[in-house]
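Novice: Sequence:
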Amino acid sequence: MPEYELVMVLSPEVDEDGAAQTVEQVKQFVTQGGGSVTQEEHLGKRKLAYQINRFDEGNYFLTRMQMDASMVKGLDDTIKITEEVIRHILVKVDR
Numbered sequence: 001m002p003e004y005e006l007v008m009v010l011s012p013e014v015d016e017d018g019a020a021q022t023v024e025q026v027k028q029f030v031t032q033g034g035g036s037v038t039q040e041e042h043l044g045k046r047k048l049a050y051q052i053n054r055f056d057e058g059n060y061f062l063t064r065m066q067m068d069a070s071m072v073k074g075l076d077d078t079i080k081i082t083e084e085v086i087r088h089i090l091v092k093v094d095r
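Be aware that the sequence shown starts at 1, since it is given in the numbering used here, and climbs by one per residue.
A portion of the hints provided could be inaccurate.
As the list claims (entries may be wrong) - Okay, derived cross-link-like pairs now, BS3-like style, lysine-lysine, Cα gap no bigger than 30 Å in a straight line:
#1 Lys92 - Lys80
#2 Lys45 - Lys80
#3 Lys80 - Lys47
#4 Lys73 - Lys92
#5 Lys27 - Lys47
#6 Lys92 - Lys47
#7 Lys27 - Lys73
#8 Lys80 - Lys27
Unchecked claim - Distance windows between CB atoms, simulated:
#9 Asp94 - Asp56: 31 to 41 Å
#10 Arg54 - Gly33: 15 to 25 Å
#11 Val7 - Asp68: 13 to 23 Å
#12 Ser70 - Tyr50: 31 to 41 Å
#13 Arg54 - Asp94: 32 to 42 Å
#14 Gly34 - Asp56: 32 to 42 Å
#15 Asp76 - Ser36: 16 to 26 Å
I should point out that these hints are in silico values taken from the structure, not numbers from a laboratory. Ideal Cβ positions, reconstructed from N, Cα and C, are used throughout, including at glycine.
All chains, full assembly: derive it from the sequences and hints.
Specialist: What follows is the structure, encoded as structure tokens:
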């Protein structure tokens with residue numbers, strides 16, 4: 001099964017519970033589709049290179065997972081409609 005890496009930037013206005021809920025939502029999506037999450041890491045609040053939606057900083061989260069390639073589009077669409085996420089990138093990790 002291919003390995004993917006997801007980095008999400010969440011709004012700085014989201015509290016810890018909201019952030020944990022968003023990360024858990026991603027984890028549930030992956031596990032319900034038969035994949036597995038291999039690493040979760042909160043990288044902390046960091047200053048953005050440029051303003052996004054009037055925010056100067058954001059909460060960064062890194063998630064590594066293994067899932068079928070057919071699930072990538074669905075996960076990307078799910079993240080796009082999540083209001084707490086202001087930017088994200090999902091890439092396939094080459095071994």
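Novice: Each hint: holds or not?
Specialist: Status of the hints after comparison with the structure:
1. Lys92 - Lys80: 18 Å, holds
2. Lys45 - Lys80: 20 Å, holds
3. Lys80 - Lys47: 21 Å, holds
4. Lys73 - Lys92: With a Cα-Cα distance of about 13 Å, the restraint between Lys73 and Lys92 holds, given a limit of 30 Å.
5. Lys27 - Lys47: Satisfied, since the Cα-Cα distance of roughly 26 Å is no more than 30 Å.
6. Lys92 - Lys47: Distance of about 26 Å is within 30 Å: holds.
7. Lys27 - Lys73: Cα-Cα ~15 Å, so holds.
8. Lys80 - Lys27: 15 Å, holds
9. Asp94 - Asp56: 31 to 41 Å: Taking Cβ atoms as reference, Asp94 and Asp56 lie about 33 Å apart, which means the hint holds.
10. Arg54 - Gly33: 15 to 25 Å: With Cβ atoms ~34 Å apart, the hint is violated.
11. Val7 - Asp68: 13 to 23 Å: Taking Cβ atoms as reference, Val7 and Asp68 lie about 20 Å apart, which means the hint holds.
12. Ser70 - Tyr50: 31 to 41 Å: Check passed, 34 Å falls within 31 to 41 Å.
13. Arg54 - Asp94: 32 to 42 Å: Given a distance of about 36 Å, which is inside 32 to 42 Å, the answer is holds.
14. Gly34 - Asp56: 32 to 42 Å: 39 Å, holds
15. Asp76 - Ser36: 16 to 26 Å: 18 Å, holds
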